[in-house]
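Construct the complete structure from the given sequences, taking the supplied hints into account.
Protein chains: 2
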Amino acid sequence: MATNDMSPGARALLTKLDLFAKLDPQARRTLAGLLDRPQVSYERGQDLMTQGALRRDSYVILTGWAARSKTLPDGRRQILSFLTPGDAVGLFGAITPVATSSVTALSDLTAAPFAPTAIVRTIARSPQLAAALVWAAAREQEIMGEHLVSLGRRSARERVAHLFLELWARLKVRGLAGGDQLQVPLTQQIIADALGLSVVHVNRTLRQLAAEGLLAVKRESVALLDIRQLHQVTGFDEDYLMHHAMPQDLAAELARLVTHGPG
Amino acid sequence: MATNDMSPGARALLTKLDLFAKLDPQARRTLAGLLDRPQVSYERGQDLMTQGALRRDSYVILTGWAARSKTLPDGRRQILSFLTPGDAVGLFGAITPVATSSVTALSDLTAAPFAPTAIVRTIARSPQLAAALVWAAAREQEIMGEHLVSLGRRSARERVAHLFLELWARLKVRGLAGGDQLQVPLTQQIIADALGLSVVHVNRTLRQLAAEGLLAVKRESVALLDIRQLHQVTGFDEDYLMHHAMPQDLAAELARLVTHGPG
DNA sequence: CGACTATTTGAGGAGTGTCAAGAGTAGTGG
DNA sequence: CCACTACTCTTGACACTCCTCAAATAGTCG
Chain A
1 MATNDMSPGA
11 RALLTKLDLF
21 AKLDPQARRT
31 LAGLLDRPQV
41 SYERGQDLMT
51 QGALRRDSYV
61 ILTGWAARSK
71 TLPDGRRQIL
81 SFLTPGDAVG
91 LFGAITPVAT
101 SSVTALSDLT
111 AAPFAPTAIV
121 RTIARSPQLA
131 AALVWAAARE
141 QEIMGEHLVS
151 LGRRSARERV
161 AHLFLELWAR
171 LKVRGLAGGD
181 QLQVPLTQQI
191 IADALGLSVV
201 HVNRTLRQLA
211 AEGLLAVKRE
221 SVALLDIRQL
231 HQVTGFDEDY
241 LMHHAMPQDL
251 AAELARLVTH
261 GPG
Chain B
1 MATNDMSPGA
11 RALLTKLDLF
21 AKLDPQARRT
31 LAGLLDRPQV
41 SYERGQDLMT
51 QGALRRDSYV
61 ILTGWAARSK
71 TLPDGRRQIL
81 SFLTPGDAVG
91 LFGAITPVAT
101 SSVTALSDLT
111 AAPFAPTAIV
121 RTIARSPQLA
131 AALVWAAARE
141 QEIMGEHLVS
151 LGRRSARERV
161 AHLFLELWAR
171 LKVRGLAGGD
181 QLQVPLTQQI
191 IADALGLSVV
201 HVNRTLRQLA
211 AEGLLAVKRE
221 SVALLDIRQL
231 HQVTGFDEDY
241 LMHHAMPQDL
251 AAELARLVTH
261 GPG
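Those sequence lines, one after another, are chains A and B.
Reading the first sequence from the start, the letters are residues 1 to 263 in the UniProt record's numbering.
Reading the second sequence from the start, the letters are residues 1 to 263 in the UniProt record's numbering.
One thing to keep in mind: the hints can contain errors.
Pairs count within a copy or across copies, as identical chains cannot be separated in the list.
What the hints assert, rightly or not - Calculated lysine to aspartate or glutamate pairs in the DMTMM-like style (CA-CA distance at most 25 angstroms, straight line):
| id | residue 1 | residue 2 |
| --- | --- | --- |
| 1 | 218 | 36 |
| 2 | 22 | 226 |
| 3 | 70 | 142 |
| 4 | 70 | 5 |
| 5 | 70 | 237 |
| 6 | 172 | 74 |
| 7 | 70 | 158 |
| 8 | 218 | 43 |
| 9 | 70 | 166 |
| 10 | 172 | 238 |
| 11 | 172 | 220 |
| 12 | 218 | 108 |
Bear in mind the hints are in silico, worked out from the structure with no lab data behind them.
Laid out in C-alpha cells, this is it:
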C-alpha cells in the first residue's frame with residue numbers, strides 16, 4: 001500500500017513511526033484500517049479529553065498543537081507534555097475508564113479519531129507495528145523523564161532554554177521547523193505551567209535570555225540566536241528524543257517473527 | 001501452567017500484572033519462557049544499569065528496591081521512579097542502545113534477568129500479555145505524570161506527604177505493607193533527589209510533619225499516623241496508580257482476539 | 001473604538017538552598 | 001569490648017531564587 005492511499009491520520013502517524021523503522025506492508029495495512037474515520041477539528045482552548053471525565057475517542061494529531069495537563073483542586077496546573085502533529089492522544093485510553101489528565105488544543109487543530117480499544121487488535125495483527133508503538137511509548141517516557149529533571153533540578157533559566165531546544169529538535173526532525181526559527185503557539189502562561197514557574201518569572205527569564213542575545217521571542221515564534229551557548233546553559237543532549245532507527249538486534253528479532261510467524 | 005511451576009521472576013511479574021487481568025494459560029506459558037534464567041543479586045549502591053553505558057540485560061525485580069535516576073554533568077541528580085518487587089528494569093531497553101538513565105539498588109536486591117529483545121516475541125505470542133505490558137507502561141506514565149505535578153506545582157510539605165502516600169498505596173496493593181507502617185530503604189538524600197529538594201529541607205519538612213503528628217520516621221521505616229489529614233495536605237487521589245482491572249470493552253476485544261486469532 | 005488577552009515592570013516577601021558544624025548510628029577491625 | 005571510620009541525621013545562620021500582588025503597557029479581534 002502506497003503512502004498516498006492512506007488517510008491523513010495514518011500518514012501523520014506513519015511519518016512519526018518512520019523515525020524508528022520502515023514499516024512493512026502488513027503494518028501499513030493495519031495502520032490504515034485503524035485510522036479510517038473522517039478527521040475532526042478543534043478550536044484553540046477546547047478539550048480533546050477532560051480530566052475526570054469518561055474517555056471518548058483517541059486521536060492522532062494532524063495539524064496544530066495540544067497540551068496534556070493535570071489540574072489540582074485549588075487550580076494549580078501542570079502541563080505534562082506538548083503534543084504535535086503525528087502524536088497520539090489517549091493511545092492507552094482503553095486501559096482506564098476515566099481520564100486522569102486533560103488534553104487541550106493550544107491552537108486550532110485537526111485530528112484523526114480512532115477507537116481506544118483498537119490498539120490491542122493493532123498489536124496482535126502486526127508485530128512490527130507493535131514494536132513501533134512500544135517505541136513511541138518509550139520515547140514519551142524519555143521525554144517525561146527529562147522534564148522531571150528540569151522541574152526537579154534545573155533553574156528557571158535552564159528550564160526555559162531546555163524547553164526551546166527540545167521543541168526545536170522535535171519539530172526539526174519532522175520537517176516542521178527550519179533554520180533557527182520555530183513557530184510555537186505558546187503563551188508565557190503555558191510555558192509557566194509546563195516548567196513549574198510563575199508567569200512573571202517566565203517573563204523575566206525570557207527577557208534576560210533575550211538581553212543576552214541567546215534567543216528572540218516574538219508573537220508565537222522563537223528564534224534561537226546562539227544555539228551553542230544555549231546548549232551550554234542547559235547541558236542539552238538530544239539523545240533522549242530517540243531520533244534514530246531501531247537497533248540491529250531488535251530488527252533481526254522482528255524480521256524472524258515476520259518471516260516465521262509468532263509461534 | 002500453575003503458578004508454582006513458574007520461575008520466581010515470572011511469579012513476581014505475574015503478581016503485578018494480575019492487578020490488571022487474570023492471565024490465560026497462553027500468556028503464562030509465554031511469561032515463563034521469557035524468564036527462565038537464574039536470578040542475580042546486587043548489593044545496595046550497585047548499578048543494574050548505568051546512564052551512558054551500553055545496555056546489558058533487562059530485569060524483573062524480585063526482592064528489594066531500586067531507583068531510576070538521571071545525573072547532570074555537574075552532579076545534580078534527579079530520581080525518576082522507585083522500583084519495587086515485580087517492576088521491570090529496562091523493559092524497553094532494546095529500543096535504545098545506550099542507557100539514558102541509571103538504575104541503582106537502594107537495598108540489597110535480587111532480580112530475574114531477561115534479554116531486552118524478548119519483549120517483541122512476547123508481544124507477538126500473547127495478545128493478552130501484550131495488553132498487560134501496555135497497561136504496565138501506561139501505569140508508569142501515570143506515576144511519572146503525578147511526579148511532574150509534584151515537582152512543578154506542589155510545596156515541599158505536599159511533595160513529602162504525597163510520596164509516602166504513594167509508596168504506601170503501591171506496597172499495600174501487593175501485600176508488602178500492612179497497617180499504617182511501611183518499610184522503605186530511603187535515606188533523606190534519596191528522598192531529596194526524588195522530590196527535587198535539598199537534603200536539609202527534606203529533613204526540616206519531615207521533622208515538621210512529625211511534630212504535627214502526621215507521620216513518624218524511624219530508621220528505614222515510616223508510620224503514617226494521620227492518613228486522613230495527610231490526604232488533605234496533598235489532595236492525594238490514588239486513581240493514577242491504576243489499581244483496578246481491565247475495563248469491559250477492552251476485555252471483550254481481547255477475548256475476541258484470543259478466540260478467533262489476530263487475523 | 002472597545003473589550004479582551006497577553007506581556008512587562010516594580011516592590012516586597014515566602015520558601016528553599018547553601019554552608020557549616022555537631023550528634024547519632026552502623027559497621028569494622030584490633 | 002572499644003576505638004575508628006563512614007554515613008546519616010539534625011540544627012543554625014544567611015543568601016538567593018522565585019512567588020505574589022499590583023498596575024501599566026501592548027497586542028488582537030470583533
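Could you figure out if residue 218 and residue 36 sit no more than 25 angstroms apart (CA to CA) within one copy, between two copies, both or neither?
-> Cα proximity of residue 218 and residue 36: none, with 38 angstroms in one copy and 58 angstroms across.
Given identical chains, is residue 70 near residue 166, meaning Cα to Cα at most 25 angstroms, within a copy, between copies, both, or neither?
-> both (21 angstroms within a copy, 17 angstroms between copies)
At most 25 angstroms between C-alpha atoms: does residue 172 with residue 220 qualify within a copy, between copies, both, or neither?
-> Answer is within: at 17 angstroms inside a copy they meet the 25 angstroms cutoff, but 47 angstroms across does not.
Are the CA atoms of residue 70 and residue 237 at most 25 angstroms apart within a copy, between copies, both, or neither?
-> between (27 angstroms within a copy, 12 angstroms between copies)
Intra/inter-copy verdict for residue 70 and residue 142 if alpha-carbon distance must be at most 25 angstroms | both (19 angstroms within a copy, 11 angstroms between copies)
Given identical chains, is residue 22 near residue 226, meaning Cα to Cα at most 25 angstroms, within a copy, between copies, both, or neither?
-> neither (35 angstroms within a copy, 55 angstroms between copies)
For the identical chains here, do residue 172 and residue 238 meet the 25 angstroms Cα criterion within one copy, between copies, both, or neither?
-> within (12 angstroms within a copy, 38 angstroms between copies)
Is it within, between, both, or neither for residue 70 and residue 158, if the alpha carbons may be no more than 25 angstroms apart?
-> Cα proximity of residue 70 and residue 158: in one copy and across copies (23 angstroms, 16 angstroms).
Have a look at residue 218 and residue 108 and pick one of within, between, both or neither, based on CA distance no larger than 25 angstroms.
-> Intra 19 angstroms, inter 53 angstroms, cutoff 25 angstroms: intra-copy only.
Please work out whether the CA atoms of residue 172 and residue 74 approach to 25 angstroms or closer within one copy, between two copies, in both situations, or in neither?
-> neither (37 angstroms within a copy, 28 angstroms between copies)
Status of residue 5 relative to residue 70 across identical chains (alpha carbons, at most 25 angstroms) = Close neither inside one copy (38 angstroms) nor across copies (43 angstroms); limit 25 angstroms.
Homomeric proximity label, residue 218 with residue 43: Cα distance no greater than 25 angstroms | For residue 218 and residue 43, only the intra-copy Cα distance (22 angstroms) is at most 25 angstroms; the inter-copy one is 53 angstroms.
Going through the hint list in order, the structure does not satisfy hints 1, 2, 4 and 6.
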